[in-house]
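Peer 1: Here the protein sequences come in this chain order: A and B.
According to the numbering used here, the first sequence is numbered sequentially starting from 397.
According to the numbering used here, the second sequence is numbered sequentially starting from 44.
Some clues are possibly wrong.
Quick look at which bits of chain A chain B covers, simulated, 3 or more residues with Cβ under 8 Å [what the hints assert, rightly or not]:
(1) 591 to 604
(2) 897 to 911
Facing chain B, a subset of chain A residues (Cβ under 8 Å, in silico) [unchecked claim]:
(3) L410
(4) P416
(5) I530
(6) R650
(7) V653
(8) N655
(9) V659
These aren't lab readings, by the way, just hints derived from the structure by calculation.
Positions of the beta carbon are idealized from the N, C-alpha and C atoms, including for glycine.
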Amino acid sequence: MTPLEIQAKLDRILLKVAKPGRYVGGELNITVKDWDAIPIRAALVFPDIYDIGVSNVGLKILYDQINQRPDALAERAYAPWHDMETLLRANGIPLYSLETFHPLADFDLIGFTLPYETLYTNTLNVLHLAGIPIRAVERHAGHPLVIAGGHAAMNPEPMSAFIDAFVIGEGEQIVHEIIETLKAWKQGKPETSQESREALLRELVRIPGLYIPRFYEVDYLDDGTVADVRPLIPEAPRVITKRMVPKLPPPPTRFIVPNIETVHNRASVEIMRGCTRGCRFCHAGMIVRPVRERPVEEVVAAAEEAIRNTGFEELALLSLSSSDYSNILELVTKIGEKFGGQHLTVSLPSLRIESVSIDLMERLKDRRSGGFTLAPEAATERMRRIINKFISDEQIIETTREIYRRGWVTIKLYFMIGHPSETLEDVRAIADLCKRVLAEGRKVIGYKARLNVGVSTFVPKPQTPFQWVSCDTVEQIRAKQNLLRDLLYRERNIKLTLTRPEDTFLEAFLSRGDRRLSEVIYTAWKNGAKFDAWSESYRYDVWLNAFREHGLDPEFYTHRQRRVDEIFPWDHISAAVKKTYLFQDYRQSLEGITRIDCRQHCFACGILPTFTQVRREHPGNYWKCPEVKTPVREKEVLAVGL
Amino acid sequence: MRLRITFTKQGPLRYTGHLDLHKIWERAARRVGLPLAYSQGFHPHPQIQLAAALPLGFASRCEVVDLKLTENIPLEGLAARIQSAVPGGLGILSIETVEERAPALQTQVIAAEYEAELLETADKHDLPRRIETLLATDSLPRERRGKAYDLRPLIEALTLNAGRLWMRLTAREGATGRPEEVLDALGISLEDARIERTRLIFKTDS
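Full structure from sequences and hints, please.
Peer 2: Following this line, the structure appears as structure tokens:
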């Protein structure tokens, strides 16, 4: 179907769906290239609705990287909402790109971002709506290459049947290597055969950081755990080590400005990548190492440019832990001076629980609107030692009291239940701490003090020190949540928000699964599972039936303490953090031993030996690991994995 | 200073609603560096007035917006600067200044003209007679969002010209005719027509 035919058909259906602006593109700052003049065409897909996906920074970076090349173009697509999907199918309209309305199947490459696991069924649905075979092995050379990346790709196995190649780690450099390879293959005038596609994949597998599941076979032990993951061809590496950009390139500033209301309608600047705190539950903190910062001047200049290019009324300074940015006070002061009084909101996420954070917020805010957000994650000192996010109770009380005193009426506190070795006493402590915080607020500002409490449930993630531990069962979670409800329901000024236990269960098996889960995902999708990130559309029964159909037990993946020597389905994927390091950290957590910020002391997680050469080539302070002082050896060995 | 900008709304922007169009103007002002005035109070709002909400899906070649500024700026070259700062589908037709104390723009609209291009799929059989019959009646009782109303007095004019329907509908507060209602009364489905607003008529025009 041609773009014109698609547009003509769309005009007839768009007024029948909610928010048709999701499906027409035409936003400010999009890049529209001459389709026929460009050899390599990529469609970047966020497999949820436009409203959620359009602000995704990762895809924006790739969109810019690809469109800066004269020989390639990048366009965008998102998952249509239920109403639009029905009409697309009924009218035979394939899923198309928003820039030029080309069917996704006409592209050379489709790149999915998978920041979280509940997008898996939507990914299958997008392929289906595009008329592209869902299983990778059923695609031939005439079909687009299907690539996925993002944090969830750190355990690619559950989606291995559907994705041709996974990008492990950061995408800025590898995207160009993929395009070069694709271009060389395409110029060789390939036939539309399975063999030709195989040839392309055998070229791609040489690119470091690209994982092509079909070139590996998994052996299992009798107990269902992994015995070995074997490369089937000599070109396929035994361990795929993540890609890492040694120096952050200039941040994107020409953000796409939606013509409709979306979730994060704002400009953003990534001030820092990675985190040195070492919270043991934190997936991002483990897989996005080392810490790399952007200089203050670069951030301020990018922020100004971004606001000038977009006109957005909100600016977000992004990082995993704002307080740890080396020159945070200087940055915030400059940003505050630049944008004060301009009816702009500046947001600074992930602040540490200390009074300095309040000083920072005061510099950014003309008004005390909105809440002040802090994330203690756990309510007892014992538990905060276990998760390595140690703050004393006193520090929490003092900081929150000071926030109320300085004019904020609402504080938001985030906790998790389900941490390793958690007891009902630790859960009860969440309610007690909240009541104490509110009581302090009342002393300072009286009965207008408000407290919003968000309690989510911990899912032990692959590639973290807690990858060995079991996730709470739905029943355990429910009991803990009921306890919290009972303890807090009388408190008028405390608003408690809980996540659904079933959502945690889903996230747990999707993130911890092995390749056999592909069939479960396929069956669940076929029977109607999609938009799993949306509580209202989550189909618990469909998933359980899918497990049953394939003779698998979801609790094997979720509620099972792993053996110390267990080979994980994701062990051949390396975030450059050693498994021995993760295990040592896990053991220390059980003893209540905490680790300080690794800027102050290197705990040898594995980043430096993996990236010795890179570190040597990029000395200096913006990368927060110690300098490599050893002389260059004759032959530098790239240490990977274990 | 108060600027009055006349502009088109076409293409993908047809699917941007009234509130979102406000946002587009606020952002355009920030990109161009216009000193937009904000209301006082705890939640300051930019002082932007759109003449008349355009139903979703319709194009227009006659939208009007007033922007209140905190200081005077030269109009020279302004249209081009704004044009380069707005999304595709929004075309600047003219910019003028108006009396700061002039009444709110939306209170001044009295009628609007629309053109409906009928697609091949539209049922055009005997259409002139259907129009005639419609215009001959005194009352056209209809229901919209559960509210009964009479469409007929809202239709000021309706003609068919070279496959296009042209209509002038009342557009006063509480008495606004909607072109898709007229189409429906004629037995033409909305999806078989492309509707464009061609003119807004203000009190001062008469």
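Peer 1: Does each hint fit the structure? Answer for all of them.
Peer 2: How the hints compare with the structure:
Counting residues of the segment 591 to 604 of chain A whose CB lies closer than 8 Å to any CB of chain B gives 0, so the stated coverage by that chain is violated, three being the minimum. Counting residues of the segment 897 to 911 of chain A whose beta-carbon sits less than 8 Å from any beta-carbon of chain B gives 0, not enough to reach three: the coverage restraint is violated. At its closest, the beta carbon of L410 of chain A sits 6 Å from a beta carbon of chain B; the interface hint therefore holds under the 8 Å criterion. Evaluation of the P416 of chain A hint against chain B yields a held restraint, the C-beta minimum of about 4 Å falling below 8 Å.
This hint is violated: I530 of chain A has a C-beta 30 Å from the nearest C-beta of chain B, more than the 8 Å allowed. Nearest Cβ of chain B to the Cβ of R650 of chain A: about 11 Å, over the 8 Å cut. The hint is violated. For V653 of chain A, the suggested interface contact is upheld, since its CB lies about 6 Å from the closest CB of chain B, less than 8 Å. For the restraint placing N655 of chain A at the interface with chain B, the shortest Cβ-Cβ distance is roughly 4 Å, inside the 8 Å limit, so the hint holds.
The criterion of a C-beta within 8 Å of any C-beta in chain B is not met by V659 of chain A, whose closest approach is roughly 14 Å, and the hint is violated.
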